[in-house]
Amino acid sequence: GQQVMQIPQYQHVQEGEDFTTYCNSSTTLSNIQWYKQRPGGHPVFLIQLVKSGEVKKQKRLTFQFGEAKKNSSLHITATQTTDVGTYFCAGPMNRDDKIIFGKGTRLHILP
Amino acid sequence: EPEVTQTPSHQVTQMGQEVILRCVPISNHLYFYWYRQILGQKVEFLVSFYNNEISEKSEIFDDQFSVERPDGSNFTLKIRSTKLEDSAMYFCASRGGGYTFGSGTRLTVV
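For the protein sequence lines, the chains are A and B, in the order given. The first sequence begins at 344 in this note's numbering and counts up one residue at a time. The second sequence begins at 14 in this note's numbering and counts up one residue at a time.
So here's chain A without its partners, still in its complex pose (with noise of 0.2 Å):
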């Protein structure tokens, strides 16, 4: 079936150090979404494109979505511990009437 896969699943970084994670779908999607999850917190919308190579950027975040629509990727430039949480993508699945979630990753911030 159609799947959404995320990597890494963990990722530890120094506060101030960069952090990227991947998402690749294994089928073309119409778009994809990034949820940010706080720990104990539910998931919080963080962005949704659209457009093929499209590339979004919301303060220290950079979003990509890739030329064939099947990966994207989040990176956040200089991390501080408010980035601590599980990031996920997800993407729209069959009729878009749902989106399918990738496992996530967890970014943990060492001081």
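Derived from the structure by calculation, the hints contain no laboratory data. A hint or two may mislead.
[As the list claims (entries may be wrong)] Derived SDA-like pairs: lysine to any residue, alpha-carbon spacing no greater than 20 Å straight-line:
no.: 1; chain 1: B; residue 1: Lys91; chain 2: B; residue 2: Asp75
no.: 2; chain 1: B; residue 1: Lys55; chain 2: A; residue 2: Gly409
no.: 3; chain 1: B; residue 1: Lys55; chain 2: A; residue 2: Lys400
no.: 4; chain 1: B; residue 1: Lys55; chain 2: A; residue 2: His451
no.: 5; chain 1: A; residue 1: Lys400; chain 2: B; residue 2: Lys91
no.: 6; chain 1: B; residue 1: Lys55; chain 2: A; residue 2: Gln352
Based on these hints, arrange chain B on the given structure of chain A.
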């Protein structure tokens, strides 16, 4: 900012009992969803609801599960006879552009 609200925040129930999880989606959204997340795992799709009917459901959403929109604002998930493996966080979401998730109900089946 509009929110999706879920109640209760935590529910403990005995195996075999029925539970109803409640959600109030964002008022002008048309698509509603239930997802669940077993501790430490990914968020899994359960069911989507549009125009007062189920539009899609996953393999997890078997005959023990049902959803209702009993009035214009509430959206409920019922589990008829809970099992231990139903213990999880259950998130309601509604869709405008991106999805807005509620803060979840932690269901513990003992």
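How the hints compare with the structure:
1. B:Lys91 x B:Asp75: With Cα atoms ~11 Å apart, B:Lys91 and B:Asp75 stay inside 20 Å; holds.
2. B:Lys55 x A:Gly409: Since the Cα atoms of B:Lys55 and A:Gly409 sit roughly 23 Å apart, the hinted pair is violated (cutoff 20 Å).
3. B:Lys55 x A:Lys400: 25 Å, violated
4. B:Lys55 x A:His451: 17 Å, holds
5. A:Lys400 x B:Lys91: 40 Å, violated
6. B:Lys55 x A:Gln352: 11 Å, holds
Hint compliance for this structure: hints 2, 3 and 5 are broken, all remaining hints hold.
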